[in-house]
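Asks: Listed here are the chains, written in short residue letters.
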Amino acid sequence: MSQNTLFDKVWDLHKVSSLPGGSDQIFIGLHLIHEVTSPQAFGALKDKNLKVKFPNRTVATVDHIVPTDNQSRPFKDNLAEQMIETLERNCIEHKIKFFNIGSGNQGIVHVVAPELGLTQPGMTIACGDSHTSTHGAFGSIAFGIGTSQVRDVLASQTIAMNKLKVRQIWCEKKLSNGVYAKDLVLHIINRLGVKAGVGFAYEFAGPAISALSMEERMTICNMSIEGGARCGYVNPDETTFRYIKERLCAPQNKNWDKAVKWWQSLKSDENSIYDDVIKLDASEVEPTVTWGITPGQSIGINKQIPHLEDLPPNDKFIAEEAYEYMGFKPGQSIKDTPIDVCFIGSCTNGRMSDLRVAANVLRHQKVSKKVKAFVVPGSEKVANEAKQEGLDKIFKDAGFQWREPGCSMCLAMNSDKLIGNQVSASSSNRNFKGRQGSPSGRTLLMSPAMVAAAAINGKVSDVREFLNK
Amino acid sequence: MNPEFNPPRGRIYQIEGKCISLIGNDIDTDRIIPARFLKCINFDSLGESVFEDDRAILRGKHPFDVDESKDASILIVNSNFGCGSSREHAPQALLRWGIKAIIGESFAEIFYSNCIAIGIPCFTLPKNSIKDIQKYNDNKNFFLEIDIKDSCAKSKDLIFNLQIKESSRKMFLSGEWDATSTLLENENLIENKFNDLPYLKFNSNYF
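Keeping their order, the protein sequence lines are chains A and B. For the first sequence, our numbering gives the first residue as 1, with consecutive numbering after it. For the second sequence, our numbering gives the first residue as 470, with consecutive numbering after it.
Isolated chain B, as found in the complex (with noise of 0.2 Å):
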């Protein structure tokens, strides 16, 4: 767990650290932040409470508690990481613990464009090329330098080409991300389209 917390901003080239694996397919995200931790008006405290059930279950003994995972900020995943709910706790629960890059087999949709939104760059392997890494990862300490521009992760003796959708992987080098000021440069095509949708002309004044 990162006792500080930066939060990403601007362009993103260039992410490297400590992996850390969890082994699994479909891992929901109400196993990444249970719903009672949702009970809050800002994500601040939720770092500590990523993973709660299953790290009270393993005591000890899971990934995220382990001493060699502590500062590890690349998560290792299999299949379906982040299905379930929209809660966009999830992702920023993995970010204020120090997760900074996610790399797994495939991500739910709508966890993979959360993780997008708040800067964390999310990327796809072949399973095999997973298991490799989580072998790896398992025995000792395992470093990776994930390059954004070419879509690969470097080790001491490996190397991995990545895969990442090409418009994420474009607002990470252009820092559009985040997103709110790229939308709202196109004002008056915003305008332009409330003028013209059809239902907001028959569906006025509602209240």
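So here's chain A without its partners, still in its complex pose (with noise of 0.2 Å):
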């Protein structure tokens, strides 16, 4: 059982009591809610006559459902404009925080909660979607809640869970250039496999993620659900302090102080113990892509979609399953496959550096006229920077559609969908069947920079070629 690292200071810091199954209640320190977890739950208070305890813990915005071509209510589509308007309604009821359409620090929940300064080392954070892991970038324990434990913690603050093992992931050495966060968490996932990490919450660490910029690492630990952990976290350091002062909901002052000393205290200590650690070397991973429909079938740009013998037994069934679902033979090389839809944003990567990245690439370049390529800011706040930076018009000069924030494509409940058997190059975090909003729409995940190379080529393509140009 692990001792003294961060997640079991968290943890005990947070437990309320030992419920008489077994399982721990936990406090939840933040709670974030959006458009399509949140209207069940509000539902049920109703009908068990109960109210939102305290409703200055939970912060909501919309993302699932926006339009993002056309945000002016109502919106054509009358289920998304009654989903929104169930959240105005349920917010305003509960006197809960609501940053809606055009407030300035609307967008998606996993990219507005850092942004604004929310998310913050030692907390416990809890959001009806599995992204939620996002936030242990900062070193808290972030993790997805179904509907019902919404519920449970407008009703009472807390959830009832298990403790979870802890798993570390050491990444010796850095990154190579062209290679990014989203590269590494791939080749994670692919070393591990996709249910590796049910029952751990995982810690990222090592010289290559304390290299990482906050954003990168929310990258990182956004995916560890695609690896089975319902949790990853980072430890804080001078990188997360400097991102979080003087945002919007930092502490202030005095307390800054307070709070950074107090911060620094929950890092896992030196002789912590693990239930187990993994190692491997940063150095090594190359642009990655998917080729299959999980999010653990990758291979590195240059490789080949593996044989069926090269694959451990467990895998050789969901392999068979891709190789038809995908229309790819095993052997083939991922490079240069042909690409219809492009998609840049999602709260895997649609931040700043990730749009700067990406327009890095497509400065005084075009899309190919075989792609429909798109980018969708993570926020209002993403937007507005990018903006001011130029960036808009550098992916409009290059043909990309520049859209209003929301999580659009990365899993299609708006209207962008992919159409048919379409194949996109994805900046999201799920590959899954019909993911992309359409039943046979074929994805394959990659980094923003790598999504931009490819809707230059119109094929799959190794980035490292323009950067080196």
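Rather than coming from a laboratory, the hints here were simulated on the basis of the structure. Certain hints may be false.
As the list claims (entries may be wrong) - Only pairs whose alpha carbons sit at most 16 Å apart, straight line, appear in this in silico EDC-like list of lysine to aspartate or glutamate: (1) Lys48(A) to Asp647(B); (2) Lys53(A) to Glu660(B); (3) Lys417(A) to Glu660(B).
Unchecked claim - Calculated Cβ distances over 12 Å to all of chain B for the following chain A residues: (4) Glu93; (5) Pro207; (6) Asn235; (7) Asn360; (8) Glu385; (9) Asp392.
Said to hold, decoys possible - On the chain A side, residues computed to face chain B include the following (Cβ under 7 Å): (10) Gly21; (11) Asn78; (12) Leu79; (13) Thr86; (14) Gly128; (15) Gly144; (16) Lys195; (17) Val260; (18) Lys261; (19) Glu284; (20) Ile318.
No residue lacks a Cβ here, since even glycine has one placed at the ideal position from N, Cα and C.
Build the complex from these two chains, which are given one at a time in their own frames, with help from the hints.
Replies: Dropping the structure here:
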């Protein structure tokens, strides 16, 4: 059993009681809600005649269903309109702070909370969304919950949960040029498998992780869940504190020093004990692309799609399913695979640094005529900052559509969808069958820089060839 | 598909019913309920859309469509079932279709906790036992009687020793899987925690 890790410290700090069944009752320091997984929870509160216990500890925004072309109200899609209205009504009724469209702070919930300074080290953070693991980048214990648990958090600010084991993923050396946090996390998931993390929190550590910016750390922690780990985190350091300082909800003045001192005390101790430790060399990671229907089915850009006999026994079944669905043959190169749609955005890769890297590749270039390409900033704040830097112009000049913030084609709950069996190069997090809105649509996950390169060439390409020009 | 929906309530000791097998690893929540069906403000109509896209491809031959699975209530799955998103819509869709318990090689974590929270016990069995059930189920109607107290499942001629997290098993037997009221019993402790957490002191008055 793990001891003295950040996870242990934060868990113990938030433990309210041991429940009769043996699980722990855990206090949730920050609860984030959005329009998809909250309406039924508010409905259940009403049915049980309960109120929201600490309305100040819940913050709302709208992201999954928002259109990215025309955001004027009422939305064209009646169901989407009904969902945003329900959230608006629930937030007013229960006195919950809501960052609505046009507030300047609306966006994907996992982009918005960090940029507001709401996400801080040492917190427990829950949200009815599996990518809540993103917030672990700050040294918080953050995890996705279902709607019944959203109800429990609203009613009691606590949930019942079994303590997780802790696996440290130690990343030696550093990423090479043209290789990004997305490539590293895809590599980790490929190596450990999509279910290795079940029952674990992942602690990402080592020189390669320390060297990452907060946005890059968020990309890594965001995809913990794709490796089966409900929660992933990085120990807080100066990079963390620098990011938080002076954000809207950051501790101010004297409180800042107190906060930093406390945050520093939370790091995993040098002699802490882990349930498992994995070491890998980050310098060996290549630009990575998925070829299959789980985020674990990925290869380096210059590699071939694996043959059945090269895969572990447990991976063969899903590999066969993937060959058939994707229309790929074992042994085929992933490079030069023709692309129909390019999508840059999502809670994984929809932040400023992602847009900067992609824009850098696209500068003075044109998107292939065969490709529909669009960029969806992660939040209104990202969109505004990008415009100030002129990134929107670079994208538009290259032939990308510049859209309004939201989750968009990461899960295609709005009108941004693949059609038929189109192939997309996507900076998002899931390549499941049908994920991007068409039951036969095919998704290749990659870094935003790689999406930009694919957009220019109209096929999967090695972004390093653009960077070295 | 079960036309009359009665949500589970209170203590759950025993579940008996016909099995329905779904073969495949890593069946994700987008497949269980595609995202377009998440555009709703209640779970009521999800049952009919469960596995919608997989079923459309198989045109009537999907396990959730064939005659033999009519009235089935125990779902048999392989490994990492329910991976992907936290959408409770996935187990809610299964529940509303008529699923009352799931037996599999392994489950994704959030899916598992969502199942517990809405009263669907999830059990694990070794790969070979799952294969056995799926083989039996392939040829004929296969009925199981699950006893949660003893964690076992019996058919006419077979007995399986099911695995379930001890905390989940106890919650079903006591009825505490419906957690809200249990959590609220500790109201004082919750208040104390709220007053004690360091960051709630240096983070007051956000907005």
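Asks: Is it true that the CA of Lys48(A) sits at most 16 Å from the CA of Asp647(B)?
Replies: holds (12 Å)
Asks: Holds or violated: are the alpha carbons of Lys417(A) and Glu660(B) at most 16 Å from each other?
Replies: Violated. Lys417(A) to Glu660(B) sits at ~46 Å, over the 16 Å cutoff.
Asks: Holds or violated: the hint that Gly128(A) contacts chain B, with Cβ atoms closer than 7 Å.
Replies: Nearest chain B Cβ about 6 Å off; hint holds.
Asks: Minimum Cβ distance from Ile318(A) to chain B below 7 Å?
Replies: Because about 5 Å separates Ile318(A) from the closest Cβ in chain B, which is inside the 7 Å limit, the hint holds.
Asks: Can you verify the interface hint for Thr86(A): is its Cβ closer than 7 Å to any Cβ in chain B?
Replies: Holds. Min distance 5 Å.
Asks: Identify whether the interface hint at Leu79(A) stands, where standing means a beta carbon of chain B within less than 7 Å of its own.
Replies: Holds: closest Cβ of chain B sits about 4 Å from Leu79(A), inside 7 Å.
Asks: Report holds or violated for the interface hint on Gly144(A), using the least CB-CB distance to chain B and a cut-off of 7 Å.
Replies: holds (4 Å)
Asks: Run the C-beta distances from Pro207(A) to all of chain B and say if the shortest one exceeds 12 Å.
Replies: holds (29 Å)
Asks: Should the interface hint for Lys195(A) be scored as holding, given a Cβ-Cβ cut-off of 7 Å against chain B?
Replies: Given a least distance of 4 Å, the restraint on Lys195(A) holds.
Asks: Quick check for students: does the CB of Asn235(A) sit more than 12 Å from each CB in chain B?
Replies: holds (16 Å)
Asks: Could you check if Asn78(A) really has its C-beta closer than 7 Å to a C-beta on chain B?
Replies: violated (9 Å)
Asks: Per the stated criterion, does the least C-beta distance between Asp392(A) and chain B lie above 12 Å, as a non-interface residue requires?
Replies: Fine: 27 Å to the nearest Cβ keeps Asp392(A) off the interface.
Of the numbered hints given earlier, the model fails hints 3, 11, 17, 18 and 19; all others are met.
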